[in-house]
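K.L.:
Make the complex out of the two chains shown on their own, each in a separate frame, by following the hints.
So the protein lines, in turn, are chains A and B.
Residue 46 in my numbering sits at position 46 of the first sequence, with consecutive numbering throughout.
Residue 88 in my numbering sits at position 88 of the second sequence, with consecutive numbering throughout.
Honestly, the hints are just simulated from the structure, not real lab data.
Heads up, the beta-carbon is just placed ideally off N, CA and C, and yes, glycines get one too.
There's no promise every hint is true.
Calculated lysine to any residue pairs in the SDA-like style (CA-CA distance at most 25 Å, straight line) [to be verified]: (1) A:Lys57 x B:Gly28; (2) B:Lys95 x A:Lys15; (3) B:Lys54 x B:Val44; (4) B:Lys68 x A:Gln41; (5) B:Lys95 x A:Asp63; (6) A:Lys57 x B:Lys54; (7) B:Lys53 x B:Ile65; (8) B:Lys95 x A:Lys17; (9) B:Lys95 x A:Glu14; (10) B:Lys95 x A:Leu60; (11) B:Lys68 x B:Pro8; (12) A:Lys15 x A:Gly40; (13) A:Lys11 x B:Val44; (14) B:Lys95 x A:Ser5; (15) A:Lys17 x A:Ser58; (16) B:Lys68 x A:Val99; (17) B:Lys95 x A:Ser53; (18) A:Lys57 x B:Glu5; (19) A:Lys57 x B:Ile19; (20) B:Lys54 x A:Leu96; (21) B:Lys95 x A:Glu85; (22) B:Lys95 x A:Ser66; (23) B:Lys95 x A:Leu96; (24) B:Lys53 x A:Phe102.
Among the chain A residues that face chain B by a calculated CB cut under 8 Å, a handful are [said to hold, decoys possible]: (25) Ile26; (26) Ala31; (27) Gly40; (28) Tyr48; (29) Leu60; (30) Asp63; (31) Phe65; (32) Leu91; (33) Glu100; (34) Phe102; (35) Gly106.
Sample of chain A residues lacking proximity to chain B, with all beta carbon distances greater than 10 Å (derived) [to be verified]: (36) Gly28; (37) Gly42; (38) Glu44; (39) Ser58.
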Amino acid sequence: GAGVSQSPSNKVTEKGKDVELRCDPISGHTALYWYRQSLGQGLEFLIYFQGNSAPDKSGLPSDRFSAERTGGSVSTLTIQRTQQEDSAVYLCASSLARVEQFFGPGTRLTVL
Amino acid sequence: KNEVEQSPQNLTAQEGEFITINCSYSVGISALHWLQQHPGGGIVSLFMLSSGKKKHGRLIATINIQEKHSSLHITASHPRDSAVYICAVNSYTDKLIFGTGTRLQVFP
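Next comes chain B alone, as it looks inside the complex (with noise of 0.2 Å):
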């Protein structure tokens, strides 16, 4: 089982629909990413969160410490937003463990 898992793997939705993002993790942690890599490669760095929530435009991030648990919600998903969307935590070494990430289209 890995350390960390996201759900849905691949994730659909028509334009201005509400988007949540799932990441579940077993081990302990200071600290939980959201990452974004579009097709290109590269990699965004979209919130870093140790407890509660933040907000970035139309992206929250929401985390729950006691039960292991974060969600990534896009609001009102627009074409751009496409793209892999990865969670991960860092281990009290400061690594980063990574879940498989989560491949959102959204269409037209």
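The following block holds chain A by itself, in its conformation from the complex (with noise of 0.2 Å):
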């Protein structure tokens, strides 16, 4: 495609369920990158793949989390027993190794 998608781009969900989050980058990139946005907050770095590898997880907030990468190309961010303080919007980027990176439109994650 042209750009980065993500879908879906609303996501509603009840305290305690599983959600997972798609990411599909422009083809051709290696890179990939999750972020997030808490509202009123900045962005915040979550995980990047290079290729299928995650060679910094670091920012990945607790266990719940976890990220994978198929292909070298769609990524899913799972979360797993959702709280509250996981509403946020979850971004993703893709870029070839340390250039430019190009930004999805985001998922908007609410959970009740």
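P.N.:
Shown next as structure tokens:
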């Protein structure tokens, strides 16, 4: 596709449920990043993939958060047993290594 | 203390004014980014810099590696420039470390 796409665009879930967020990077981009922007807060790094491996998972806030990337393309961010503090916009970006990152439109997650 | 500091946090301007947003960082970096986030939430990358100066239309970005400082300038500002401008730095592990953003409002 022409840009980074994310799905769903909005997700409302109940506390305690699991959610999966999907990111389709720009074709050919080897690096993929997940970020989070909580209401009224700045952006924070979650995890970074180079190919299918994740050299930096330092931003994942707890073991309820996990991510995978398959085929060097699509990535899924999974949040288990969601909590209200997980409510945020989850942003994905992709790039060729060490150059400009292109951001997706984000998934707005609301945990009730 | 945040690793990336921006100033000012909020900025209002009249159309046509020259605008400067500043960014200071305290970590070693491989590059610095300026990003623009519009009210709808979408983020666009404006510049990626590792040295010197870049210009794109009415936007100019500069970086001083020795002083660990960057500036984003907007010449002849316009209401459509109203957005949040975010400075972010690439650590040596490639992840971005973000500043808290500068909210710019340009009035006609």
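K.L.:
Find the hints from earlier in the document that the structure breaks and name them by number, from lowest to highest.
P.N.:
2, 6, 8, 9, 19, 25, 27, 29, 30, 31, 37, 38 and 39
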